[in-house]
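There are 4 protein chains.
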Amino acid sequence: MKRKYAAILGNLGNTCDRFCSSYKTNPSTLEMLKAAANLPNVTGIELVGTWDIKPETAGEMKTALADLGLDCVSIIPDLFADNRYWKGSYSSKDAAVRQEAIDYTRKMCDIAGEMNCEIVNIWPGQDGYDYLLAADYEKEREWLCEAITLLATEYPKLKFALEYKPKEPRTHSYLARMADSLLLAQETGCDNVGVCIDTGHAFNAGEVVAESIVLAKRAGNRLFHMHFNDNYTAWDDDMIVGSIHTVCYLEMLYWLDRCDYKGWLSMDQYPYREDAAGAIGESIEWLCKFDKILQTHRASIDELVAQGDAVATSRFLRSVIC
Amino acid sequence: MKRKYAAILGNLGNTCDRFCSSYKTNPSTLEMLKAAANLPNVTGIELVGTWDIKPETAGEMKTALADLGLDCVSIIPDLFADNRYWKGSYSSKDAAVRQEAIDYTRKMCDIAGEMNCEIVNIWPGQDGYDYLLAADYEKEREWLCEAITLLATEYPKLKFALEYKPKEPRTHSYLARMADSLLLAQETGCDNVGVCIDTGHAFNAGEVVAESIVLAKRAGNRLFHMHFNDNYTAWDDDMIVGSIHTVCYLEMLYWLDRCDYKGWLSMDQYPYREDAAGAIGESIEWLCKFDKILQTHRASIDELVAQGDAVATSRFLRSVIC
Amino acid sequence: MKRKYAAILGNLGNTCDRFCSSYKTNPSTLEMLKAAANLPNVTGIELVGTWDIKPETAGEMKTALADLGLDCVSIIPDLFADNRYWKGSYSSKDAAVRQEAIDYTRKMCDIAGEMNCEIVNIWPGQDGYDYLLAADYEKEREWLCEAITLLATEYPKLKFALEYKPKEPRTHSYLARMADSLLLAQETGCDNVGVCIDTGHAFNAGEVVAESIVLAKRAGNRLFHMHFNDNYTAWDDDMIVGSIHTVCYLEMLYWLDRCDYKGWLSMDQYPYREDAAGAIGESIEWLCKFDKILQTHRASIDELVAQGDAVATSRFLRSVIC
Amino acid sequence: MKRKYAAILGNLGNTCDRFCSSYKTNPSTLEMLKAAANLPNVTGIELVGTWDIKPETAGEMKTALADLGLDCVSIIPDLFADNRYWKGSYSSKDAAVRQEAIDYTRKMCDIAGEMNCEIVNIWPGQDGYDYLLAADYEKEREWLCEAITLLATEYPKLKFALEYKPKEPRTHSYLARMADSLLLAQETGCDNVGVCIDTGHAFNAGEVVAESIVLAKRAGNRLFHMHFNDNYTAWDDDMIVGSIHTVCYLEMLYWLDRCDYKGWLSMDQYPYREDAAGAIGESIEWLCKFDKILQTHRASIDELVAQGDAVATSRFLRSVIC
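Quick mapping for you: the protein sequence lines, in order, are chains A, B, C and D.
To convert, count from 1 in the first sequence and add 8; that's the working numbering.
To convert, count from 1 in the second sequence and add 8; that's the working numbering.
To convert, count from 1 in the third sequence and add 8; that's the working numbering.
To convert, count from 1 in the fourth sequence and add 8; that's the working numbering.
Hint data in this document are derived by calculation from the structure and do not stem from the laboratory.
One or more hints might be untrue.
The list cannot tell twin chains apart, which means a pair is met if one copy fits it or any two copies do.
[What the hints assert, rightly or not] Distance condition first, Cα-Cα at most 27 Å in a straight line; then the derived DSSO-like pairs of lysine-lysine:
| no. | residue 1 | residue 2 |
| --- | --- | --- |
| 1 | K62 | K32 |
| 2 | K10 | K300 |
| 3 | K101 | K32 |
| 4 | K225 | K70 |
| 5 | K147 | K300 |
| 6 | K101 | K225 |
| 7 | K101 | K297 |
Given the sequences, and given the hints that come with them, work out the whole structure.
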């Protein structure tokens, strides 16, 4: 199967952190769109709600994407940058805030419909906790679950991809790892609730991504989306694929195929001090390389995975890497 | 409710690691039993299969425990020290080894029945993987799930507590965290499959134990057992409760009560260089202290958890700690 | 000895992260100063260069601090928020940027002199690297060392406290841990170059702070300053002291005294979603509590530290904590 | 320069951990020696004191190595498996134990002399601490330093390579990271005290090995020895080089050359469940591959390191890897 590559539009923009409010200059949305369209292999784009797209600009964006030959891969509601949600969105202790979060997401779902976009990628970054004995884990998770259930029921044609991440911006997120996100997806009783793996988030969670892909399959084919990047495992460094790790990406592609994943491979990076288009383009080029190895050596890999001999695996890897 | 405290018998014995084969002298089983019975507040004991108990010694052990006034809290089949299982037990690539592991566990289940012991604590420490592209995550997890399902179906009066741990002795365990263990428990379709939290394993997994307790409740009241110890978060140091962390233990007891946990609080430590009875006894004394604080201040804690103000929580904690 | 407590002025201000540009409202400098002066036990303040103080406002600030009865504890040059230093300040590959960083620091040193402030706290947050094979560790460390040597030689009456941190904003900082900072301090050949321990940074680095205090003493009494906060060890969460850890703070105060530390205990937090004054005040109250325990039980602690019996230590801690 | 490859003899033997006392069968010393001699590219061997060599067997071993054409690369005194040192060797609170450790090391130094072996590799694995408020960091480090100074002074023709490791078997080692080991080496005042980098230990410590190589050079050319293996960063998994990480090994070789390292590249693995000779051989083959890339592209790497453009580095790596 041919891989479909995408990127998140905002990755092509300015960068900041809690110390420095601006590392680069602010490009316009149009500049970012053009940069995305120029990336080799990229045929899809993800848009963050409100930043990149609002109800009143959806039509215009649709035209722009069509002109550039880009699919709208997902809409990502902004539940993390808006400080109304500073202590949680769907799981906020404040019922009015929870309602706002749901209403806002509905608008984003409507936009997704309008854009012929199948996926709403939910990253509820502010939903979690920091201090012990200051969160009601039971009620807050229940509220989170209720909101997702409500939205998934109201929009049965959309797929809700829950993007998990163990921490940041909270010290602990409610959707922290693959398995707890699957538990929640199952609790909704909705087949259109699944998971988005961000490879870096999974590294932070101590997961081997290939195993997480299998978990999602076993829980009812719930892998809906993939975000790619690399890091040093301890934090979401959002770096170029292949910067730190190599072998695991080859393994991921193998297991995506074994689990019959047909979705997008989208780049989600944060090039603080790098040329954004260059950094995103590199990630895709690495994945293309790993894909080529896989296509050539799939039968050997099948055998190695069945055999379980680390020395044989190493010998194989040496023959295809370097 | 009155807490029930227990310990794992082997914790009172000799210690070793991969470098040093013996830090202490080997006490006899009887010496360890007496030491356990002398521990203040301890009324139950966990026995590791084969080491502490075998089919032919079960009757004798039953008498010994009765004489010492100790309940048999759980049987822990040895799936980790026996090198037949060096590359997995229930999930071994070798069908004969899988069968051996199941047959062996059956014997342990029979012993549990004979000892009037409700819980079989399953820690499949060798079931996992080390190297990338050398494991078949899909088949191996399926085999693991099949074995647990089979055993839980055959022994409906026993409760199977799956003890998760992210790593060691494998770099990655198949039962790694609370949520993936719950997924597997649910897949079995058996109500008598649940989870054992080892607090130190949960710390290693980046979990806040109180939240894990809630996850288990939400997944069908599946928290069956608790093992207590402390560590520096990066590894299973198996230290005295309260050595590194303080507040989280108070929070755990609060949430155990909120989630209506009625099981044992069992100590699972590894006192490499410490007096074993002293180290285990200390853990229980710490828990008694936290329990006393909880009994006195439960209403305040209810309020703090509802309120979500970290400064108020800190003020309260200062007033009860130190 | 009486402890001297301080805070960093900016901790009382607005908060942000790379996702959300503003969690709170922006207080004025005067409002923050008043809030600081109202904190119980606080008699000193640290000022971040350019944000809080510039050459042209130094006189005014001096008067304001005098009016409020606050000492100026340190000046912290802004080498982290200014995007001129996005790829390093003293260790930038660009000689002009290195020169700018040195010239700018000179201005901050002049201000320190004017404010009768003894310490310049150097946190070169942007000096480090992210990607492998993209940094010249040898030259860049040499440039860093040269800059510090130059400044320390030019300002012999000031003490330069190097604040280490393993990561953030770079994935790897050049001043990453206590020991490498001491190596650099020794290389300068200047007695007025030492170290600032931020307790949270040390936790991130896997250090036990008490041992780091001893390292600094052994390397020529080079512990110049202390920043306090707490975290979950994996990241610089900048939380209230005592939120996660308890025992280690008591141990720190004991070793600060054993090593004859006479400097400030300054709070360095980042209360993203908390009342800032409340959060900082709590940290100080916790330290006061630990200090009181220490004053009462110093002889017992001397004995425990000499004895090395973890069970005895635990028994003691239980008697003074909870 | 031609690389010199070696292995630690015991790596070819049986394996165990704290749960399973024997994963394999015990080969004889002679079998292990032959296996080592058969490893492609291996021309040197490291011997662990007492296990592999004692005063009374040194002559015999010398002959055996000569027959097999192997150099004796280092003697590693056993300060970790002997339970006399269960609470420390050179830094034990017990003066008699400290004396024993020194006397024992003298014997190992004599053997080194007899074997024409230049390096004594000191890994004081039991020297450290586990519990807070139970160690006297000041005295214990001083004792450690005194012992090393004494030995290095008595044996001026030997090079003492201090092998650091942040943890295991203690939760905290006194020789934990590159920089603190360098501080201690400098304190001895002896030029023949330096450091051994075990790449996996450095990963555990959060170090980028290439930077650690530079630190050792800056502190007086104190990199004496190298142990190679790979891991997932959180623990000393002692795996095959290249299993998890790729790029960093290429970077290490580059910086070893830039820092004029002329020592051995020795494999230090722990193949729990793998064919030992196969696993060690694989590591060397990977290093040979990285070396070949380096030899071909050194000028490009020089440029990339000077340039600091992560996108350019990635592009280069893609062209040489895969």
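A quick look at each hint next to the structure:
1. K62 to K32: both (25 Å within a copy, 25 Å between copies)
2. K10 to K300: Cα proximity of K10 and K300: one copy only (11 Å, versus 34 Å across).
3. K101 to K32: between (36 Å within a copy, 18 Å between copies)
4. K225 to K70: Result: close neither inside a copy nor across copies, 32 Å intra and 45 Å inter.
5. K147 to K300: The answer is between: 26 Å across copies meets 27 Å, while 48 Å in one copy does not.
6. K101 to K225: Result: close only across copies, 21 Å inter versus 33 Å intra.
7. K101 to K297: Neither way: K101 and K297 sit 47 Å apart in one copy and 31 Å across, limit 27 Å.
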